[in-house]
Structures are given as structure tokens and as C-alpha cells.
Amino acid sequence: MSEPEKKQFDLTRRNFLITTGAALGGMTILGTAKWARADLVTLRPFVVDNPLAVYPNRDWEKLYRDQYKFDSEFTFVCVPNCTHNCRVKGVVRNGVMVRVEPPYTEGKATDIYGTQTTQSWHPRGCLKGYTLPRRIYGPHRTKYPMVRKGWKDWVAAGWPDQTQADVKEKYFKRGYDDFVRVSWDEANTLVAQTMLHIMKTYAGEEGAKRLLAQGYPKEMVEAMHGTGAQTMKFRNGMALNGVIRINSLARFANMLALYDGKYGARQWSSYDWHGDLNPGHPMSTGVKCSDVDMNDFRNTKLMVFLGKNQVENKMADAHWWIEIIERGGKVVNISPEYSPASQKSDYWIPVRPGSDTALLLGVANVLYRDKLIDYDFVKQHTDLPLLIRTDTLKRLTNKDLGTPTSTLTGYSVKVQKIKPELREKWGDFVIWDAKSNGPKVINRDQVGANTPYDPALEGSFTVQLADGKTVECKTGFQLYKEHVAEYTPEAAAEITGSPKELIEQLAHDFGTIKPAHLATGEGINHYFHCDLTGRACFLIVSLTGNVGKPGANTTHWAGNYRGENHPGLPTWMAEDPFNANLDPKAPATEVKVKKYYKPEHPCYWNYGDRPLEVNGKMYTGQSHMPVPTKAWWICNSNHLNNAKWAHNMIEVVNKNVEMIVSQDWEWTGTCEHADVVFPVQSWAELTHPDMTSACSNPFFNVWKGGLKPMYESKQDVEVMAGVANKLAELTGDKRYSDYWKFVNENRTDVYLQRVSDASYTTSGYNINELMESNRDWLMMFRTYPRIFGWEQVHEHKPWYTKTGRIELYKDEDEFINLGENLIVHREPVEATPYLPNVIVGTHPFIRPVNDVPAEATGASERSVRNIKMAWAQAKASKNPLWEKGYRFYFLTPKSRHRVHSSWAMTDFNVIWDSNFGDPYRNDKRTPHTGEAQVHMNPEDGKALGIKDGDYIWVDANPEDRPYVGWKESDPYYEVARLKVRVRFNPGYPKGVTMMKHGMWIASPKTVKANQTSADGLAKSNTGYMAHVRTGSHQSATRGWLQPSQMTDSLVRKGYLGQEIGEGYEVDVNAPNTCPKETLVKVTKAEDGGPEGKGQWTRATTGFTPGAENDKMKQYLSGKFVKGGR
Amino acid sequence: MAQVKNWQLGREMEYFYADNRPKRQFAAVFNLNRCIGCQTCTMACKSTWTFSPGQEYMWWNNVESKPYGGYPANWDVKLLSLLGEQEWQGDKYAGKTVFEARDVNQQTSSGMVALGYLPTDEEWRYPNAYEDTPQGHSPGGEKLPEHRNWGFYLPRICNHCTYPACVAACPRKAIYKRQEDGIVLIDQSRCRGYRKCMQACPYKKPMYRGTTATSEKCVGCYPRVEQGQATRCIATCIGKIRLFGWVNDENSPVNYLVKKAKVALPLYPQFGTEPNVYYIPPRWVPRDYLAQMFGPGVEPAISTYSKPDKELLGVLQLFGATDRIITSYKIDGDYAVGFGEDGKEVVRTAIYDTVIVRPEDRHNIT
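Protein chains in written order, with this note's numbering: chain S, 602 to 1726; chain Z, 99 to 464.
Keep in mind that the hints were calculated from the coordinates and are not lab data. Do not rely on the hints blindly, as some may be mistaken.
Said to hold, decoys possible - Now the stretches of chain S that chain Z is said to cover, found in silico as 3 or more residues with beta-carbon under 8 Å: (1) 694 to 703; (2) 938 to 947; (3) 1520 to 1532; (4) 1697 to 1706.
What the hints assert, rightly or not - 30 Å max Cα-Cα, derived DSBU-like pairs, lysine-lysine: (5) 1335(S) / 1193(S); (6) 241(Z) / 709(S); (7) 931(S) / 442(Z); (8) 442(Z) / 902(S); (9) 358(Z) / 1720(S); (10) 1115(S) / 442(Z); (11) 663(S) / 428(Z).
Given the structure is predicted, the values throughout are model-derived calculations rather than measurements. Glycine included, each C-beta is placed from N, C-alpha and C at the ideal position.
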């Protein structure tokens, strides 16, 4: 409170006592708090005749006007992992941001061409942005650099060999151990010294020997090429959210090449690790993900959601699709339960979890059957006219015919920069020309309207090869015609549980309503075979010509994944540390780029720090190969909390990791189990500028914070510069600190400008001008709104695949051997009543190679087992886990009240997140102001003797969950086993449960506090707090590795830029984590009633699902009024 | 006691005070078809007005998941149960309002306590109970025109009623309706926390605060409205479901939606308070339930809304396009234009979007 205000307050308070004393006499003894507003009392006589007409004294209204007052406003960008990145306005009073508002400036966004948005983009932000002050000033902020006590002692003891059990026991009790506050300098020193130690320990032959002795497979050790720095993993979480500050971790990883002059560290990826990558997209088009700006839905006439909840997860941009219903369009939703998006739908199709591909193949069946196909599109833009050999299952190429590979001069070379050796390897492809009735070679530039000849689509053709032999060939179109014939609507209905009539309806709508848009989400993507579903989506939109056109496409938004919106990023992430450009005026083109760091997928760490190897056979491609993990460092992510199988990572895998660093602005579950925690600034406090864009809207934002940074927090880029400076000091090598010169000089804008200038999406902008404008600008994509594939379809440019076409048939060896050259339905690898991973189909082109017996139950074995069956046979097969009583699907989607685990501990949000939100915590078992919950059909509950509101145990496959090697007697087992409230929801089909992901997981200290502290709050002495009493949704999840997503042969666009290559590519060709691959068993743990006795009170009122009294039934059927229709 | 005209009932009714309509009546249209239940409005309100001690249970704005949700718990089921089965005859309400059905034994000498109840402490807990919960699972799926098992979000603020039950009930006459904007306020200096307003308000929007021993309720964001700015809950509504306006001003887009296009209907008009938040009913919900909630006119409202003419489509674009209060509007070619009180343009937004193409060195695929 300022001095004048304080005086005012004192004065008011004195008046209050006098006034109330006079007016109410002895009533002041009731206490001052109770009658606090009596200071507004007036002593004048008070007569009110008609309060609708006149009220005598309205001076008191000043009360709320005063409460509303503010001093100033500023804007910043709210950048969680939500895909929207809204500019919001902070309203400040006395230096404190009291509330947040939408700025209403997006309608003024422009670019250098004079493009102007409309006010239909207003307003932006959401409930999360508007409770930001609760987080920024909340009790869970990280305040000072903190180091775990045991780890500090380990460093002080000279890093004794961590592989020894006694060393682990003494120094590595993460989660149990206390933290100590240190200075920034001390933290930097401890971290820098330990990094030097690790780089040395695991370098060269000595290092390799150590790692092999620790049991790492030789492939992993060889992939290090002798560089110790490779064992350190830096994860620039959701890189798009802070192009400079978050990617500073990749830059740091690149810098570490200074140590041995060979390689830097490893960069851990985000998008695929989050389960957000839809690998079917790069397999079909070569591009990481197909998406559009959401105002393109203005053009959509049929909107189909498949496992996508765009009500709950698209917030500020959801209105675009909902408005379709006001513009004569149709909305369809497909999901197991009547989901929020189902409400808005013209029709909703229920589906068995994990069976979506079969549904889509059923749709394809009808499209073929009823000839609802866009034949021109299919001929021009897809691989379906290309001939495939019936003997090898490979595409027929010019080499088979003995003609030379054509020389390309167009887009393939100029923009997609295909290397000559790749061209030669791939060759050209062959169609059957209906006019000349013979084979014709076409090359990858001959697409769209440039497609020559008259390609036949149907039929089998005998082709004479160069060696004089003949071979039978079929077009892809013909193969699919035969293949999908098996997936009749009847069969699809049986596999999926979806009504046959609605499958037919959907197919007819796809075939007749244009443009159609098919949006998928994590509902389908968190399954092992998400790639097949993604490919099947492309099959549908390709057959119906719904790609690349306004209002069309199949899309998949999840996460803020499009770091490649800023293709100039290498000038920052991969500037050559040996030749850092120290001239602030140097043009971006003069910045030398050399990538010394290597990307890696954290899914291998998540798989026990191993690749997928079964019975001595390696299923992880060479280009994907991980290296051992000895340190990991995370920014902008609650990495551990959100790791599938988190409790296994904590209890088993991290025990071999020597240093864990987390930089965050809240003390998350990751911090709670780390060694070093660096406090960083919130988005409203950033002292160094940053920039961001999105993948669902066209906005480009440059901003800085407007609040004084809290506590000792620093901006992330300063954290990295601080440790680099310390490395310079310890090694005497000035290049470490030079690499961060403009951060150290508070000129970070130099780096922003370089990235912007080097990006074809933003070049032409002046960063400082944008920053001062205080508003959104437009990303300069080819079109506004951005429409995926617009150039390919309108300008006949090749796709980013081998054939230059949308590839619905994959002829790479890996796909053929998996039996996935054709898009087939495979049962989930765990979440199925049938034989896990079974291939459903009989087409002779499905020729899987299988090395694993049908009886095998291990997760890795199931992952590589390729057994083909007809549905009639598959439906009689069994999943042994199901037979053991694990019969509930366990879906873990995102909550609208959080962004994954962000806002998970913000009290307002927690209250609204479940049935059990109560700020007064009348039931002291509740860990916070609310708690996690599992949705369950009431009939399932009744069958299990479980009542609405009870606590239940949720157990998954005991073979490896909650962690490998668990025993009931382990102290950590109690921490890791999920105990959670159940809440009835008849919208879920029987057998399907749901628990929203992202709550803060139980830790040893939160469990203890919940059980023993007076208030029962599940709060650690670090400030960490859990959302659940024990365990978490991760108690039921685990890591998985899909062979189809670890191939070396997939042709795809690079992460950044337009260049095409092969094999692993970060966030493009990599496994996608799949937490829905689990089945759980549910048992009652405790009564839901107060003090653990009886039923949860609300469920006894007669107004709750499954327990309705007569009044409630009357209400539900609308029988309280007659007439009015 | 007076006889007053309630247009929503198509008849006169009994009220405690004589009719005295404000110069301008605070009103809003909430389009339930667009609502995503995100609670952005709830948090915008909470973070502005009710973040202080004693206000922990207080959410002036809330969005409840129908049919099982409600804040306080199942308030409408309870009210309807108290009122019993009632009847509409065409557009005329033939049943009893909460005033007409009041219990004489509950009356104070200086106020008229409508039929109602005082929610228990427990009923103010769990404000978002049973989010996203339909009453059953349909293995056969759901289709328009009516989903059999359904759910929708009902966002609620104080209705700033023309005949507020809270005003009628207050024994201290500490609640009044402002002539300049129709906002209903509880005078915090005179309220003594008798909670008669809580008991009488059929929408259960006055809430008690233990630390001040007063009742508080939605203040219609008058510090904003006085500056020509829409309320926090409306200005932050990212679903673009909310439009602020003066319902009794014929030029207002709200007046157009309520009185001319008739796509927006009052919430439980049978309660008799003439509430001023109007809802475009959700198109998928069974009509019997909707008629129970919004009275007659549901079917025409849904059918007009589902196939809007250009004027209606244009007015629908004004939702959320500006945070300024729109007092009049026009459809200007392919633009919807809104004007402020001074007649100046406050918003001009395109009804349709077009695709703009940039030079070839820019790429859509990044």
C-alpha cells in the first residue's frame, strides 16, 4: 500500500469505529471483520418508496468502482502448450497484475503486404490466461536456485561412482530428499562442474567401456561416437512458445561441441514425446502434420471430428467450427462417449476405443461401393494410379523397365532440394496408360494437372520387365478396392461397435458434401497404431478430393508443435560455436550455421533408456538410435510428471541419471524429483524479448514482460548464458561466453532479428517495431488463412514424399514386413479384448514377417508381433490381460481447466476441474481444493460395489506397472499406486473409464503430508503439491515403441525448411507415445462419505446420475410444464 | 402490492412494487449453441469481483453442465419441484409465478418473499459437479433433431430482472434497480445479511459473505458499463456466445434478437421475474426440456437460428467482435457494423472470409 493510501485507510478505519459506535452502540463487540462494510453506513434517515424507481443514497457504489480501479495496462503473450498463444492484457494496480483481459487488437493485425484480419478473431485468451495472476503470485512459484541436498553432497564428495548401490542409496533419494537454497553463482558452478565431469567420464574408449559395463547395448554406445556430451539431453519444451528462450537449450547443446570439437549434446524432442505427432501424416504427405488456420472453417461444409474434442481443447479458436452450424454446414463427432463435441453435432457416432481405423475403412468401402470418389483428384494427387508389383509388393519403377531415371529441374530440385543420390535410389514410377493401353513412366514433378497420360485406376496389368520376364501389377486404387471390400459397413460396425447406419451416413456425407474437413486428435493418436489411423484419414480425404482446398483437409492439432514456422531458427539453435558471429549488425546470411547437437526422442529414456530390441533383433532404426542418458535438463515442461510411466522413470530409470535440471516458474513434479531447480520468469515478467506464433491461427507476436520479475527468477535465456559463462570461467575458453554475447549485453533482440530475417514466414519484419507495436502481426504464409497443401493442389507442386504424391500405399521394406503396406486395422497392443496387435485383414498383399509367438505377453514382444487374421478369427482371439480381469479402457484426455499440467495447482481452476472442488476442503482427505477423478458408467460402479464419489484403486498390467519390479512392501509402491475418487457419468459406455491427464502426481512427501499433516493437504516442504492422494494417471501408462515409426527409409520433409530426406527426423519421423494403450482393474478403496464413512453426500440427494429420484426424472423429461410447444 | 405487466408471460402478474421500467435495461443474449463450457467468463468474473476472504464459495458468473450440474446444487430442479407442474396456454402462462405461489407464512412486514428456499452450505460446494454428463449412453449414436441423451452448458449471471425477487424480498429495502441501466444492486452499506434475497431469488444469484455479513451478487460490471464497456464475462467470452445490449432500445442488436428475430428466450420465464439474459436454445436438446426451461417459442427460435437470413447471420458476427457496448447496428454489404452510444462505429467485421494469396517465396507448408 502506498503512503497516501495508507493514510486514507487509517482515516476510514477511524471513521468506521466512530460511525459504527454511534450507530450500533455495543454491536462493535461482534468484531471488526464481521461488519467491515459498515464503514459505509450513513446516519441520514432512509426512505425507499419503490426501489425500481429511485434509491436515495448511492454513494456506496464507489465501493465496487474502487475495487475495479487500476493504474496501468500492458500486453504480453500467454504461451502454454495449447496451440493458440493469445496476446492478453495485464491490468496493473500498485505494481501487481490484478487481472487479465483480452486486448481486442487481433482484428488489426497486418503484414508487409497490407493483409488485414477481421474482428471475428476477437476475443482471445481463456480461463487459464485469466487466472494467471493466481499462478504468478501463487504459492507454487520457484523462488531461488535450489539444489537437492544429496546431489550437492555427491558433487562435494567428488562425484563417486553412481552405479554403486550404496552411492545411489546415499545421494540419489530423489523425491524423499530435501532441497537447499544456493546463490545463482553456486548453482551455475555446481552444474558446470558436473557437466565437465560427465563429459569427461563418458568420453572416448574409456567412457564407452564404462557404459557397456553398465549394460547399455553397443548400438547405443556406438551412436555417441566417443563424445561424452552426448549423454546429456536438453529438452527445449514446446519450442514454438518461446522461439529464443526455449530454444536456448538447443543452442546450449550445440555449444557443448566446444568441449571435444566433435559433437554437442543431444536435444530431446517434444511433439512426438507428448503423443501429439500423428505419424500417419508424414507417411502420407512427407510433412510432419497437416493443419490450417482455423478461420478456414468458414469454408467448411462438413466437419468431422474423430477422437477430437475441439470444445474442450480449442478454446479461443473453437467458435470457428461451431459457427459452421450457423452457415448451413454439418458437424459430425466420433468418440467412445457422448463427448462435449458430440453435443454440437448433427450426429454422433460411438466407437470402441482404438478401433477407429476399421471405421474409416468401412467408410472407404462405401465410397468405393457407391462410387463416391473424386477420380480426378485421385489420379492427379495420389499414388493410387501407380503400379505395384504383385510379386515383391514394391512399386514398379523405371528401373524395372530398364529406362534411366529422369532428370528433374522443377520444384523437386529447386525447393525440395532432393539430393541426386536419393533421386537415383528412388527412381521414377509407372502408371498404366488407358489410352495407349501400356505402362508409362512418370516422375515426381508430374503431379496435379501436370499428370500426363490417362492413368488407369482399376485392373490388373501384365508388364514386361527389362530382363524380359513379365510381372503382374495392380494399381493402388485396385488394391484398396479389393482390400476395403472386406471392411463392409456390417463388418466395420462389428469391429467398432458403431451403428452401421451411421457409418453409411458418414460415407455418403463425405462423398457428397464438399468441402469436408476431418479433424483428428489425441483420442485416436494415443494408440500404438495411430499411424494407421492417420493414414486412413488421408485415404478418406484423398478419395473424396478433400485436400489442399479451402475448408477441406484432414488435420491434427495437438500441442504447440510448429517450431518450423520459424525456419530461420538454425541461426540461433545451431550457430557454429567455433565461429560465433559477434557483430550485432551482421545480416542473418552471415551467421555461420553448423549443427553439432543431435536430436533424440525421449521415448527411449522412457523405455528403460533402451531402443526396441527383441530376442536380439533391433527394431529401432539406425538413424533413430538413442544414446545412454546421464543428465537431462528441461525447460518449459513438466517433463517427468507428464512422462507416461512416470513412476517407473522415478523409481527405476532415473536411478542411472547423474544430473537432472529443471527450470520452471512453478515447483512441478519434475522439480520435486530433480537435482537442480532454476527459477525462471513467467510470460508476464520476461526481461528479454521473445517471439512466438501458432499452428491454429495466423498470429506472430513479439513481446516482453511488464511486471517486475518475482523473487530471484531469471529469463530462461539468461539461465543458459549464466551456465555457459561459468563454463568459460572454469575452462578458460571464452567461446562459451561469446556464444551468448548479446544475451549478456542485454541485446537479445539481435538474435530475434536474425531468426526473423532468415525465416520465409517473417522476413521483412523489424523485430523492435513489432515489439513496440503492442499487438499481433501476421505470419506470412503463402495464404491467409493458411491452408495445408494449397500450393500442391492449386499450383500442382509435388508433395514431400518419394513419389511426389499423397502416398496411401507404403512400399518400404519395413512397412511390407509389418503387414502395413496397405492401411489395415490392427487391434491395440494392450487396450483390446482380442489378441494384442493382431492384423485384421486377409488381402494377399498383407504379408507380415513374424518372429514372436501368439502366446508371448511381454510388452516388447507384443509390439513386434505381426499376425494376420480375418475378423471372424480375430474376434475369437483373446488378450490374456483381459482374461485376468483387466477389463476397463482407461482414457486420459486433457482437461479444459488446465493446459496439461499447467494451472494444475491453481486453486480456482482446481475447484472447477472435478466433482469434488471445495475451497473449504470439508473432507480433509481431499489433497487440494479439489482432486482428480475417474469417470465411470454407474452400472459398472454398481456391479463392482462402488458408489458415486467413493475412492477406488486403479491398477494396470501388473507385469510392469506402476513400475518394473514393484513389490507391495516397497515404500514407493504406496506412492505410485493410484487411489482416486470415482464419479459416475452415464455418458461413458460400460467398460470405458476416463481420467483427465496432467494433474500433479503424488510424491513421497505429498503422500506423507496427506496422511499425517493436520490439514491433510498433500504438500511437500518444497512447496510441491499433488492432485491425488497416491499415484497418478501415469500409474497405468507406460512407454511404447512402434516399429513402423522408427524406420530409416521413410521419405519426409525436414523439420525446418523445405528439404526432403530419409529416416529419423525430430518430431517428424519418430514414435508417438501412446498412453491409452492400457487396461485397468478397478476395486473399491474407501467410502466417499465424510471421514470415510458412507456415501459421498451429494450422491444421496436424488439429483445425481444413476440415482435419480422422481423429481429429477420429471425434470429430465421436461414434465414440469405443460404446453409451450 | 401491485399488478404489473410481464411480457414474457403474456399477462399481468402480482409484484410487490409498482411497474417502473428503467430508461435502459441491461440485457444480454447468450447463444447456447456456441457455449463450450470453458468457464472463461467465470474466471474473468472471479478474478475481478470475488477473490477476497469470505467469497470462496462465491461465483457470480457460473457455467453449469446440464442436466445434472447446477450452482448452487440443482437449484432449478428444486425450484421447479417447489412450484409443481405448471402450464403454458400458447404464449400465455397459465401457471403460477414464484410471487403468486409464495408462502404467506414466510413473509416479512416490509418485503415479499417469493416461493423459494435457502440453499445449504453444502449446496454451494462443487460448483462444477457433473460436468459433461448426459443421462445415458446411446449405443446407436445420436442424431438431430433431438439427441436422446444429451448435455449442454448453461452460463448464468444475475438476470437483472425487471421484477427482481431479491428487491421484493429485502426487508431493509437495501436492493434497488438503477434507472439508468436497469442493473440491480445490493447496497453494501445497508445490507444486514438477512438472506431473504437468497431465499427469494429463483436463480439463486445473491450469495452470502460471512466476513462482511452481507449478501453480494453480480453487479453487472457497472464500473465498466458506465464507461460504455461490456461486462467482464461478456468481453472475455471466447466462445463468442455473449452479446451485451439494451433490450428496450429498438436499435439494439439484442432487441433485434429477442423481440424481432425471436431467437433468444428468457430463462425460466414462468418464475415471473422477467429476467434479462436471453438464451438461444441449443438445437439438439429435447424440446420438452427446453420448453420447461425457456417457455414457448423454442422451436421457431431453433429453426430461425439454424437457417439464419443475412441480417441474423450479420448480427451473430457482432458477438465478441468488440468489448464496447453496441447500441445500434447495420448490415453493410458483407460487413456487420456496430455503433456506440455516440453514434460512432465501434466495430466493423466481415461476415465472410476470403483466401488471400501471398508471393511464391512464402510457403504454407513449413
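For each hint, the structure was consulted:
1. For the segment 694 to 703 of chain S, the assignment as covered by chain Z holds, since 5 residues bring a beta-carbon within under 8 Å of that chain's beta-carbons and 3 suffice.
2. For the segment 938 to 947 of chain S, the assignment as covered by chain Z holds, since 9 residues bring a beta-carbon within under 8 Å of that chain's beta-carbons and 3 suffice.
3. With a threshold of 8 Å between beta carbons, the proposed coverage of the segment 1520 to 1532 of chain S by chain Z holds, since 3 of its residues qualify and at least three are required.
4. With a threshold of 8 Å between beta carbons, the proposed coverage of the segment 1697 to 1706 of chain S by chain Z holds, since 6 of its residues qualify and at least three are required.
5. For the suggested pair residue 1335(S) and residue 1193(S), the alpha carbons sit about 18 Å apart, so the restraint of at most 30 Å is met.
6. Distance check on the hinted pair: residue 241(Z) and residue 709(S) sit about 40 Å apart at the alpha-carbon level, beyond 30 Å; violated.
7. Of the pairs offered as hints, the one joining residue 931(S) and residue 442(Z) is violated, with about 37 Å between alpha carbons and a cut-off of 30 Å exceeded.
8. Restraint check for residue 442(Z) and residue 902(S): not satisfied, since their Cα atoms lie roughly 36 Å apart, outside the 30 Å limit.
9. Between residue 358(Z) and residue 1720(S) the CA atoms are separated by roughly 29 Å; this keeps the pair inside 30 Å, and the hint holds.
10. Taken as a hint, the residue 1115(S) and residue 442(Z) pair is broken in the structure, with Cα atoms around 40 Å apart against an allowance of 30 Å.
11. Distance hint between residue 663(S) and residue 428(Z) is unfulfilled; the C-alpha atoms sit about 36 Å from each other, more than 30 Å.
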